[in-house]
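Put chain B on the given structure of chain A with help from the hints.
Each chain, written out:
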Amino acid sequence: MEAERTIRNGLDLTDQDTLQQATVSIIGCGGLGGRTAELLVRLGIGSFILTDPDIFTTSNLNRQIFCTPETLGLNKAEIVAGELQKINPEVTIRFHVQAFSKESIKNANLVIDGLDSAKDRLQLAKICRTRSIPLIHGAVKQWYGQVGVDHQTSPLIDTLYSNTETNSTPNVLPMTVALIAAMQAAEACKYLLQKESPLQNGWLQCDLKNCDYDQILQEKI
Amino acid sequence: MLVTVKLFAFFREGRFIKEDRELPEGTTAGQVVDDLQIDREEVGVMMLNSRHCQFDRILQDGDAYAIFPVIGGG
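Heads up: the sequence lines are chains A and B, in that order. Heads up, the first sequence is in numbering that gives the first Met the number 0, so the first residue is 0 and it goes up one at a time. Heads up, the second sequence is in numbering that gives the first Met the number 0, so the first residue is 0 and it goes up one at a time.
Looking at chain B on its own, in the form it has when it is part of the complex:
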């Protein structure tokens, strides 16, 4: 299945801004984070088709998945 993954802020460093990724059926939101070697503790918000989701959410063909890091400085 094909899922569009969009990364934000410093998650883009050494990765990409937006990419269509071919993923096995049953892939979860958390597995995509792990595959991208992003530390789950650094993830602030995940949105699937503009709605919030959790790591255990199973992705579907055609989904748009956005991953935002925690930005903490002031």
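One chain only, chain A, in its complex shape:
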């Protein structure tokens, strides 16, 4: 069953094995984090570390894939862990019901940004860069989103968030979340398979309302 599970990915066996051997850390298991987790477990990632201190609330129902009336009030990391295990019982999962720490990214090959605060993103990016672990960034608001890869030679998060101290709760449409999460999963896949991507040196600005997509090149440091 194991080989057949991912056969329709169409990847060669070496690449599929690389994904199976990989550990992905997901920080924030709500909108972006939950969706990306679902895609990556179906892709064939073998190990996950999930971190989220929060519980599902009613206002998460519009966009968070594992938020249902049954999971309201339950911890997001724990629920996502259970759901990933249902999709693939062979997957290895650790979860942390707490804010992220160095432990959340220990032994991870890459980290998925599912956070919703500038301050936390800046802190996470700093920890990831110190350990040379790439951070696949995604963020959403209304019809708009952005995605790109932060790493040592391309500190994207500093570019995007250094000028801000605002921290509001944005309105987000479910389509925006699904699109940006899919792109984060695609960037994660390419990074793990050592395939180059323009978003490893910049970011993509997505406007679902006007169907306008702009690739922005990050200045080299």
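Incorrect hints may have been included.
To be verified - Below, computed lysine-lysine pairings styled on DSS-like, alpha-carbon distance capped at 30 angstroms:
1) A:Lys85 <-> A:Lys189
2) A:Lys189 <-> A:Lys105
3) A:Lys85 <-> A:Lys105
4) A:Lys189 <-> A:Lys101
5) A:Lys85 <-> A:Lys125
6) B:Lys5 <-> A:Lys208
7) A:Lys208 <-> B:Lys17
8) A:Lys194 <-> A:Lys101
9) A:Lys118 <-> B:Lys5
Since the hints were made in silico from the structure, they are not lab data.
Here is chain B on its own, set in the frame of chain A:
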């Protein structure tokens, strides 16, 4: 002088995506933001001719000026 201003994400709401704007000599990047009634605290990134710039940067004829909001949700 003529400057091409491009707005991103929700800054486009009620404004425009891209517009050539006639501006007085000496206009700064920050003044364009103010003229568009964009709260400076909502601005995440500004790029002038594909390079980062700050609010006090004086614009030149023919510049392409892009303004990106902070997008924070996850």
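Hint check results:
| no. | hint | in the structure |
| --- | --- | --- |
| 1 | A:Lys85 <-> A:Lys189 | 25 angstroms, holds |
| 2 | A:Lys189 <-> A:Lys105 | 21 angstroms, holds |
| 3 | A:Lys85 <-> A:Lys105 | 24 angstroms, holds |
| 4 | A:Lys189 <-> A:Lys101 | 24 angstroms, holds |
| 5 | A:Lys85 <-> A:Lys125 | 33 angstroms, violated |
| 6 | B:Lys5 <-> A:Lys208 | 16 angstroms, holds |
| 7 | A:Lys208 <-> B:Lys17 | 15 angstroms, holds |
| 8 | A:Lys194 <-> A:Lys101 | 27 angstroms, holds |
| 9 | A:Lys118 <-> B:Lys5 | 27 angstroms, holds |
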